[in-house]
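A.B. asks: The residues making up each chain are set out below.
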Amino acid sequence: MSKNKLSLTLVSLLLLTSMLLSACGGQAATATAAATTAAATAAPTEATAAATVAATVAATPSCGTDPVVLNAYFETGFDLPFKLSEEFTKQFPNVTWDIKQDQFSNLINETPRLLAGDNAPDLIRLPTMVSFAKQGLLMNLDDYAKAFGWDKWSMAQINQNRVSTDGIRGSGSLYAWGLNYSLTGVFYNKAEAAKIGMTDAPKTLAEFDDLLAKAKTAGLTPIMQWGSAKSGMGLAFPLQQLMASVGDTTPISEWIYNKAGATIDTPSNLTAAQHLEQWVKAGYFPTDINAIEYTDANARFEKGEGVFIFNGDWQNADFDKNMAGNIGFFLMPPATAGGNPAAMSSPLTYGIAAKAKHADCAAFFLNWVATNDKARQIDVAVGGSNPGGPDDATMPTVAAGSITNDTLAAGLVIGKAGTAMDFIANSTSAIFAQGWTPELQKMVGGKEDAAGLLKAVQAEYESELAQ
Amino acid sequence: MKSKLKSDNSPVASVPSRRNSSNGIRREVLIGWLFVIPALAFYLFFVIFPLIMSIRYSFFNWNGITKMTFVGLKNYITVFKVPDLFGTIINAFELVVYFSVFPVGIGLLIASIIHRVASGKFGEAARTILFLPQIIPLVAAGIIWGWLLSSSGLVNEILKTLGLGVITRAWLGDFTWALPSVGFIGVWVLLGFCTLLLLTGINKIDPSLYESARIDGATWWNEFTSITIPLLKNEIGVCLTVTVTNALAAFDIVYVTTAGGPGNSTSVPGVQIYILAFTQQRIGLASALAVLLLIMVLIVVIPIQLLSKESAQ
Numbered sequence: 001m002s003k004n005k006l007s008l009t010l011v012s013l014l015l016l017t018s019m020l021l022s023a024c025g026g027q028a029a030t031a032t033a034a035a036t037t038a039a040a041t042a043a044p045t046e047a048t049a050a051a052t053v054a055a056t057v058a059a060t061p062s063c064g065t066d067p068v069v070l071n072a073y074f075e076t077g078f079d080l081p082f083k084l085s086e087e088f089t090k091q092f093p094n095v096t097w098d099i100k101q102d103q104f105s106n107l108i109n110e111t112p113r114l115l116a117g118d119n120a121p122d123l124i125r126l127p128t129m130v131s132f133a134k135q136g137l138l139m140n141l142d143d144y145a146k147a148f149g150w151d152k153w154s155m156a157q158i159n160q161n162r163v164s165t166d167g168i169r170g171s172g173s174l175y176a177w178g179l180n181y182s183l184t185g186v187f188y189n190k191a192e193a194a195k196i197g198m199t200d201a202p203k204t205l206a207e208f209d210d211l212l213a214k215a216k217t218a219g220l221t222p223i224m225q226w227g228s229a230k231s232g233m234g235l236a237f238p239l240q241q242l243m244a245s246v247g248d249t250t251p252i253s254e255w256i257y258n259k260a261g262a263t264i265d266t267p268s269n270l271t272a273a274q275h276l277e278q279w280v281k282a283g284y285f286p287t288d289i290n291a292i293e294y295t296d297a298n299a300r301f302e303k304g305e306g307v308f309i310f311n312g313d314w315q316n317a318d319f320d321k322n323m324a325g326n327i328g329f330f331l332m333p334p335a336t337a338g339g340n341p342a343a344m345s346s347p348l349t350y351g352i353a354a355k356a357k358h359a360d361c362a363a364f365f366l367n368w369v370a371t372n373d374k375a376r377q378i379d380v381a382v383g384g385s386n387p388g389g390p391d392d393a394t395m396p397t398v399a400a401g402s403i404t405n406d407t408l409a410a411g412l413v414i415g416k417a418g419t420a421m422d423f424i425a426n427s428t429s430a431i432f433a434q435g436w437t438p439e440l441q442k443m444v445g446g447k448e449d450a451a452g453l454l455k456a457v458q459a460e461y462e463s464e465l466a467q
Numbered sequence: 001m002k003s004k005l006k007s008d009n010s011p012v013a014s015v016p017s018r019r020n021s022s023n024g025i026r027r028e029v030l031i032g033w034l035f036v037i038p039a040l041a042f043y044l045f046f047v048i049f050p051l052i053m054s055i056r057y058s059f060f061n062w063n064g065i066t067k068m069t070f071v072g073l074k075n076y077i078t079v080f081k082v083p084d085l086f087g088t089i090i091n092a093f094e095l096v097v098y099f100s101v102f103p104v105g106i107g108l109l110i111a112s113i114i115h116r117v118a119s120g121k122f123g124e125a126a127r128t129i130l131f132l133p134q135i136i137p138l139v140a141a142g143i144i145w146g147w148l149l150s151s152s153g154l155v156n157e158i159l160k161t162l163g164l165g166v167i168t169r170a171w172l173g174d175f176t177w178a179l180p181s182v183g184f185i186g187v188w189v190l191l192g193f194c195t196l197l198l199l200t201g202i203n204k205i206d207p208s209l210y211e212s213a214r215i216d217g218a219t220w221w222n223e224f225t226s227i228t229i230p231l232l233k234n235e236i237g238v239c240l241t242v243t244v245t246n247a248l249a250a251f252d253i254v255y256v257t258t259a260g261g262p263g264n265s266t267s268v269p270g271v272q273i274y275i276l277a278f279t280q281q282r283i284g285l286a287s288a289l290a291v292l293l294l295i296m297v298l299i300v301v302i303p304i305q306l307l308s309k310e311s312a313q
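From first to last, the protein sequence lines stand for chains H and E. Here the working numbering is used: position 463 in the first sequence is 463, and no number is missing along the way. Here the working numbering is used: position 284 in the second sequence is 284, and no number is missing along the way.
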């Protein structure tokens with residue numbers, strides 16, 4: 001009897017272990033560090049009718065004329081890739097889609113296995129890319145870039161998708177491509193802002209501080225932000241904006257790109273973290289921030305709780321719908337008057353598996369998204385972000401009164417200043433879950449100061465990179 | 001199992017021919033194995049094999065894709081050296097108090113009260129209500145409690161109505177209260193299971209023992225401490241084993257309600273193993289923590305088993 005009970009106990013415990021291993025066990029066999037030779041050279045094989053087409057055209061990868069089923073993994077909750085895929089099939093009827101979708105947090109965990117599996121995706125939303133590029137799981141897109149002329153486009157954010165041979169992002173071969181390029185900044189509720197006498201967007205950090213203090217005095221919640229461990233700590237947004245406000249963006253980018261010797265624990269970043277700590281201590285954020293989910297923060301902000309919220313233009317459609325005419329946007333102001341504003345701006349990254357069956361067609365789709373007028377229109381209308389593309393491409397028109405007008409205009413300012421950064425949450429695969437989120441939550445709970453925060457995150461960063 | 005086989009075989013043993021007898025036994029054994037093999041194959045493949053592989057992985061540095069490198073005990077040393085990893089083990093033991101001590105303690109009280117005063121319809125209703133949480137999937141329970149315990153949730157609304165607005169807070173986002181709140185959800189889930197098991201045990205106790213105690217003028221408390229608890233040691237052992245395992249290997253409730261936050265204050269080994277293996281691709285370190293979790297559960301559960309076995313004898 002008791003033997004049975006003991007084995008029952010063991011079984012229930014072992015389930016945890018077996019859960020872990022049944023998911024990883026099969027990977028060893030498929031772990032062939034596949035050579036990531038770009039398949040662009042093999043392009044014309046698909047198009048039987050292409051034989052008579054001029055050589056220059058044949059050199060450009062396409063979806064051919066034979067039926068193609070693109071195997072794609074999209075992120076649940078975001079309409080953009082679905083709408084783009086529908087339009088693509090309208091224009092190229094021989095291409096149909098087998099779309100699987102999952103939450104971003106699940107994609108983070110699944111991606112290595114999906115890429116290494118037998119039915120590797122032709123297109124996949126990539127949560128991170130360095131380790132996959134290093135492991136030979138992602139298609140090297142350099143040849144496609146040459147074929148489509150991407151290498152001549154000047155958008156600095158394209159570099160975020162480059163990985164060098166030693167695993168440093170920002171330069172080297174291209175391993176992913178953006179469907180569009182997001183932009184972050186400060187959104188504000190116009191009615192609430194009017195209550196504190198805000199007529200223009202603040203020009204300096206000091207002016208912004210004044211507005212926050214006024215909001216607090218007026219009994220309003222100055223900043224609405226999310227911060228639960230499930231959503232990931234939203235204070236990473238104001239923190240990084242403050243870092244770029246009081247200092248230069250280059251060291252931040254180098255840290256995100258994993259450059260050798262890069263550190264987040266710099267004197268300038270300490271000033272920024274201390275500034276954030278002051279905001280927390282002054283009660284500028286909701287008291288329950290450590291339990292607020294991303295969607296709840298936006299819902300509460302849309303209902304009028306909070307004058308400001310740090311967020312990105314992917315939220316535009318939602319804000320337009322729920323706060324029509326009452327939503328404003330400005331870039332985080334620099335600390336010194338006349339300085340350049342900076343922002344997190346990153347590609348909505350999609351990659352092609354090294355083992356993808358229709359890599360050419362997938363690459364053709366990525367190029368189409370950036371260059372086709374109809375696709376660019378969908379990109380802006382549904383995604384709310386800059387579609388990128390060639391320098392001379394025309395920007396699609398946006399409905400008058402939409403907040404997207406403001407974010408697109410702000411994107412041009414950032415592009416001109418060259419102050420776009422990726423997110424500090426993206427420096428390593430787990431830095432957000434294991435570093436920023438718990439440490440910033442501790443800061444909110446008064447269990448960590450600004451200096452401790454940066455030291456702890458840097459230690460986690462080094463420990464992860466040492467793997 | 002052995003004694004059963006023997007008694008089943010006794011008619012065969014009386015057959016004169018020794019050869020026939022041994023053939024018969026062999027046949028019985030073979031049939032026995034045939035029945036066991038399918039289940040055993042699954043057990044070996046899905047439980048024992050992963051366990052052995054886990055132990056093996058724990059000595060390697062591996063991302064799940066590329067080549068593994070042998071690192072000896074380094075992963076185990078890392079678990080003890082990194083405070084956030086070791087902290088999960090401390091949290092798990094704190095959860096034991098909520099997941100085991102409360103459900104078993106309160107379950108004992110409720111079971112004996114139901115047994116003494118409410119054996120009719122009321123007792124049945126109480127049993128059903130207490131057992132309900134057990135049939136709700138833990139993930140659903142976690143989501144519901146996440147809403148109830150949020151800053152504008154029902155729990156705080158009730159507290160405000162009672163004039164206790166001062167103590168309202170986002171329970172799952174509070175450093176002091178997040179772990180007790182998760183523990184409370186555990187009590188809610190496991191109390192019904194323990195109560196039902198203990199009540200079944202009480203019903204097996206010879207009623208004459210209670211009768212004679214009552215004739216001697218024993219109070220409810222006397223009955224409880226002198227008859228119920230000593231004669232329920234076996235059931236209490238089962239309850240403790242199941243609930244302690246639930247606490248130490250907790251994953252779903254924690255992952256759904258807090259995901260280990262705020263600031264790792266509710267992080268338990270189960271959640272860390274998941275993050276290490278799937279987010280960080282550190283299969284070796286995740287396996288080391290999993291093996292330590294296994295050892296930890298055995299260290300706690302084996303004495304409980306031995307104690308309840310002793311009392312059963």
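Simulated from the structure, these hints should not be mistaken for laboratory data. These numbers come from a predicted model, not from an experiment. No residue lacks a Cβ here, since even glycine has one placed at the ideal position from N, Cα and C. Keep in mind that the hints are not guaranteed to be accurate.
Unchecked claim - Computed spacing ranges between beta-carbons, pair by pair:
{"#": "1", "chain 1": "E", "residue 1": "G123", "chain 2": "H", "residue 2": "G117", "range": "53 to 61 Å"}
{"#": "2", "chain 1": "E", "residue 1": "D84", "chain 2": "H", "residue 2": "T165", "range": "27 to 35 Å"}
{"#": "3", "chain 1": "E", "residue 1": "G165", "chain 2": "H", "residue 2": "A459", "range": "38 to 46 Å"}
{"#": "4", "chain 1": "E", "residue 1": "I136", "chain 2": "H", "residue 2": "T96", "range": "37 to 45 Å"}
{"#": "5", "chain 1": "H", "residue 1": "S268", "chain 2": "E", "residue 2": "D84", "range": "24 to 32 Å"}
{"#": "6", "chain 1": "H", "residue 1": "F82", "chain 2": "E", "residue 2": "I136", "range": "48 to 56 Å"}
{"#": "7", "chain 1": "H", "residue 1": "A459", "chain 2": "E", "residue 2": "W33", "range": "32 to 40 Å"}
{"#": "8", "chain 1": "H", "residue 1": "G117", "chain 2": "E", "residue 2": "W33", "range": "32 to 40 Å"}
As the list claims (entries may be wrong) - One-sided and incomplete, this derived list gives chain H residues near chain E with beta-carbon spacing under 10 Å:
{"#": "9", "residue": "E110"}
{"#": "10", "residue": "K134"}
{"#": "11", "residue": "G136"}
{"#": "12", "residue": "T217"}
{"#": "13", "residue": "G227"}
{"#": "14", "residue": "M233"}
{"#": "15", "residue": "N372"}
{"#": "16", "residue": "A425"}
{"#": "17", "residue": "T428"}
{"#": "18", "residue": "Q441"}
{"#": "19", "residue": "M443"}
{"#": "20", "residue": "Q458"}
A.B. asks: Tell me, which hint numbers fail for this structure?
C.D. replies: Of the numbered hints given earlier, those the structure breaks are 6, 7, 12, 15, 16 and 20, listed in rising order.
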